[in-house]
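S.K.: Residue strings, one per chain:
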Amino acid sequence: MRIYGSKELVSDVAQRDLCIGCGMCVNICPYFKTYKGRSAMLFPCTLEQGRCNAHCPKTEVDLDALSRFFWNEPYDGSPLGRFKRIMAARTGEKVSGSFQGGGTVSALVAYALKRNMIEGAVLTGAEGIEPMARLVTDAEQVATCAGSKFIAAPTLTALNQAVREGARRLAVVGTPCQMTAVAQMRMNPLDREDFADPVALTIGLFCNWAVDHRQLVAYLAERMDASTITGMDIPPPPAEVLVVKTTQGEEHFPLKDIRKLIPHTCFICPDMTAEWSDVSVGMYEGRPGWNTLLVRTPAGAELVDKAMTDGWLVTEAFPEANQKALSDAALAKKERSFRNAERHGYLNQDDEDSRPALRVPPEVLNQILDVPSR
Amino acid sequence: MKTICDGRSGDTRLMQGNEAFARGALEAGLSVVAGYPGTPSSEIVENLAKASTVRDIYVEWSVNEKVAMEVAAAASFAGLRSAAVMKQVGVNVASDFMLHLAESGTRGGMILISCEDPGALSSGNEGESRPFAKLFELPLLEPCDMQEAKDMTKWAFELSEEIRNLVMIRSVTRLSHASGNVTLGSLPEIEPEARYKHWGTPIDPEEGPITTFPVHYKHAQMQQKLKQAVTRFEESPFNTYEGPENPEVIIVTSSACTLYSREAIRLLGVADRVGLLKLGTTWPLPPRLMETHLAKADVIFTVEEVLPFLEDSVKILAAEISDRIGVKKFHGRSDGTLPTINELNPDLVAEGLAKILGMTYQAVDPTYTALADEATATDAPERDLAFCAGCPHRASFWSIHNALEMDGRQGFVCGDIGCYTLAFLPTGFSTLKTGHAMGSGTGIASGFGKLDRFGMDQPVLSVCGDSTFFHAVMPALVNAIHNRADMTLVVLDNSGTAMTGFQPHPGRPSDAAGNEVPALDIAKIVRAMGAHVEESDPFDVDATRHKVLELLQKGGVNVLILKQSCALCPEKKGKKLFQVDLDASVCFGENCGCNKLCTRVFKCPGLQWDPEAKAARIDEVICSGCGVCASICPSGAITKKEVA
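Line by line, the protein sequences give chains A and B.
Residue 115 in the working numbering sits at position 115 of the first sequence, with consecutive numbering throughout.
Residue 231 in the working numbering sits at position 231 of the second sequence, with consecutive numbering throughout.
If you are wondering where the hints come from, they were derived from the structure by calculation, not from laboratory data.
Take the hints with a grain of salt, since some may be wrong.
DMTMM-like mimics (lysine to aspartate or glutamate), calculated; alpha carbons at most 25 Å apart, straight line [stated by the list, open to error]:
1. Lys-573(B) / Glu-516(B)
2. Lys-36(A) / Glu-534(B)
3. Lys-554(B) / Glu-222(A)
4. Lys-296(B) / Asp-272(B)
5. Lys-614(B) / Glu-165(A)
6. Lys-603(B) / Glu-642(B)
7. Lys-329(B) / Glu-343(B)
8. Lys-603(B) / Asp-407(B)
9. Lys-614(B) / Asp-194(A)
10. Lys-134(B) / Glu-234(B)
11. Lys-260(A) / Asp-457(B)
12. Lys-7(A) / Glu-48(A)
13. Lys-36(A) / Asp-407(B)
14. Lys-614(B) / Asp-191(A)
15. Lys-36(A) / Glu-535(B)
16. Lys-36(A) / Glu-405(B)
17. Lys-450(B) / Glu-222(A)
18. Lys-572(B) / Glu-642(B)
19. Lys-36(A) / Glu-550(B)
20. Lys-554(B) / Glu-130(A)
21. Lys-296(B) / Glu-234(B)
22. Lys-36(A) / Asp-457(B)
Ranges between beta-carbon positions, derived for each pair [unchecked claim]:
23. Thr-309(A) / Gly-408(B): 44 to 50 Å
24. Leu-385(B) / Ser-354(A): 35 to 41 Å
25. Asp-257(A) / Asn-125(B): 51 to 57 Å
26. Met-224(A) / Ala-543(B): 27 to 33 Å
27. Glu-382(B) / His-264(A): 42 to 48 Å
Just so it is clear, CB atoms sit at the ideal spot from N, CA and C, and this is done for glycine as well.
Please take these sequences and the hints and turn them into a complete structure.
M.R.: Below, the structure written as structure tokens:
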């Protein structure tokens, strides 16, 4: 993995319009800030290597290097990433409150805080529809950040802020791009003691795409009084609508319109299930009130087991057929994204002048792209 | 208090050019002076303001130059002697009224002193006012030293009263701001009585209403007045010739260039070959005097700053009388004997003169130049043009710049005239993207703010200072509001006309002479106009950036007032708001996480990079204690403590 500085971050990410606004480059230094879903460089930094570039999930993400770091195994391109167990999960009776889906994420975070397994959790809250990075240190506050945001969020600004203020043993809940960024951060690519891994737990969220915050705001502003918005939801298929909750009730917008607001950087993302995390959680299609839970690491397994034992989490077996469907969808995302990245020249380049967004072992790439399109 | 009233007739005093102008006006019995501050003119009004403590004159810093000239004209109309004082760009502002005034004529002696800035040392341009004399058919005087500055000022009042029209006096930086010996005249004991006589017919110069009507009649009269002035110019002691009776070359010059020309002749040792015709009355040229001298040589070298104004007049006159003086060869600014831009100096004139005479002249030994360049590169500290330590503008532009970058729509700021003009440079984070005349930033922003229908989606801001706000921004803001432009004006209110030396303006509670006057509240004014108004302390960079970001989202006309006094203002100078300290052991230095933000980007002169400690440090002598660096330091190495 080659590491560059802020100059290349701007040319390779901002100028290619690949920035998803995860917030990973913000609050490490004074040069990057985020505002309404966009990260911006305020002034050029002259360092040839920087964490802004090294941690960014859109600058040369070397999947093989990540895999070897996390699993001590080469990257094999398996659709759901490496995992120990897959199961259905929902909150146990110890957890109060209502959650979108099964509440598994909230339950796990609240439990980890309660049992002091972590100092704090970096979560994504919202003001209106604007997603907001939050550092939560009290289990009771976790519920305020529950629910999918559907909008690319600068969550990791809160991680960097907390680390800068001296916090360690943090949990991070985030989308696959955010998990990739955090994974790269944990690798300490600049190899400096003071940048050592401050993260104790990562909970990844399944994600196919997110909507660009500014474009969504503009879209909604043309069609409704945006100041009345209190929240949003995308109900499971076959609804095909975005439901916007307002102080006056609900407004529905066709999902086919909303999909046009997906930034194209989502279409080079090969990760649907947040492979670089301790556990990954997503919807359980066809079974409201439940989640799909992938346990990937020993740390993830320990948390899940304890939470089950203490009644914070209930699990069930995850049916074979559902796993097949999930795996197919994840593979389709990989295939589509690798093709896209390759077509745009963002994949596996080796020369100095054109740097890739993704690096994938060629044999894995061939294997995935050979899969006949469905 | 020492004032320019000190000293008796016959005393010789060392005086700055601008003091000499002021003294000359007093010796002429001036009653009213009005001006707008601008380098290099400001000291004239300032000295007269001081003099007003011991002499009964009315001194005013007006809201702008046009109004200053109107105020001075009123005194003239009432029979008093008056002066309007400004820098060259101010004459452009005053010019609309000035054309009408030239046609209506004056009563009490009235002069305009325009102090100009060849080389644009303190200006946004190298413009000059002399062409206005021709355009408006007014007599023009150009003194060459401090004595003449005083004497010609006094004489200009007499001339004005004689022809009943405005007389222009033009100075330049090297005259206004240099000092020389002046032998004083006496200050008259006068008891002026102001009365505007308007009961006669419009063509009655003594008791009629003063207007430009009937236009043709008045225009003819105006030309007659100019002819009368020329008659006086023919005999003027301010036009002199020195040199041989039959020189090879005649230098025609005026103003500070007289001294450069005299020195060039001496440097080249050509006093026996070159004559010097020094003109104090440069428009219109006195034809008989010119004929006498132009006839002496075949080669005419005109030396002046900056445009070939005098040169053109000489050429036209020489053509008209060529049957009597013969065909001449002309050199000057037009043919490249002298550079077509910038100030002159004795070396440049000597080089030009040497070329004409077929001599070689090298002002500076090239070996010396090479050594000097080398020494400059290695020994002199690298310094850009920069805002002072603790300047509120640095903090303001920090916030504006960062808000625009975060907003990310390629928004920009239309600049204006003031210290903050420097913000087009790195010291203001290169935030300004247009820069023209006083008030133009807001006028231009008003225009940009209407281009959305053509697809323009960049947010538009303008900035202005508090004095500029009153001077020329108000009409532009009215325009923007009335025409529903989308723009944000940021008023950088540093509580005075800071760039020119803290002269008061209509937003301040005292006038030129220190009297208590009503201060106009900018926030109230813009609110009454119908703009959305916010206020912030620019030293609070986070709150200010937040406010700018909010306003960028809002349509219509917004005004953000950033109020914080200039670090050099008399009330603040030398006093620190905060004791600022830097703990080098905490400083991130060149590491990822900072990379010298305070000394590489923020660049307050009070912060210095210590290459040995690999940390920033605070220069206690320069730091003015604004505390802003503590807010931007990412490591917490810089801390501030309020000074009790």
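S.K.: Next step is simple, just say for each hint if it's right about the structure.
M.R.: Cross-check of the supplied hints:
no.	hint	verdict
1	Lys-573(B) / Glu-516(B)	holds (23 Å)
2	Lys-36(A) / Glu-534(B)	holds (21 Å)
3	Lys-554(B) / Glu-222(A)	holds (15 Å)
4	Lys-296(B) / Asp-272(B)	holds (13 Å)
5	Lys-614(B) / Glu-165(A)	holds (23 Å)
6	Lys-603(B) / Glu-642(B)	holds (22 Å)
7	Lys-329(B) / Glu-343(B)	holds (24 Å)
8	Lys-603(B) / Asp-407(B)	holds (24 Å)
9	Lys-614(B) / Asp-194(A)	holds (17 Å)
10	Lys-134(B) / Glu-234(B)	holds (18 Å)
11	Lys-260(A) / Asp-457(B)	holds (21 Å)
12	Lys-7(A) / Glu-48(A)	holds (8 Å)
13	Lys-36(A) / Asp-407(B)	holds (8 Å)
14	Lys-614(B) / Asp-191(A)	holds (20 Å)
15	Lys-36(A) / Glu-535(B)	holds (23 Å)
16	Lys-36(A) / Glu-405(B)	holds (12 Å)
17	Lys-450(B) / Glu-222(A)	holds (20 Å)
18	Lys-572(B) / Glu-642(B)	holds (15 Å)
19	Lys-36(A) / Glu-550(B)	holds (11 Å)
20	Lys-554(B) / Glu-130(A)	holds (17 Å)
21	Lys-296(B) / Glu-234(B)	holds (17 Å)
22	Lys-36(A) / Asp-457(B)	holds (17 Å)
23	Thr-309(A) / Gly-408(B): 44 to 50 Å	holds (48 Å)
24	Leu-385(B) / Ser-354(A): 35 to 41 Å	holds (39 Å)
25	Asp-257(A) / Asn-125(B): 51 to 57 Å	holds (53 Å)
26	Met-224(A) / Ala-543(B): 27 to 33 Å	holds (31 Å)
27	Glu-382(B) / His-264(A): 42 to 48 Å	holds (44 Å)
Every hint, counting from the list given before, is met by this structure.
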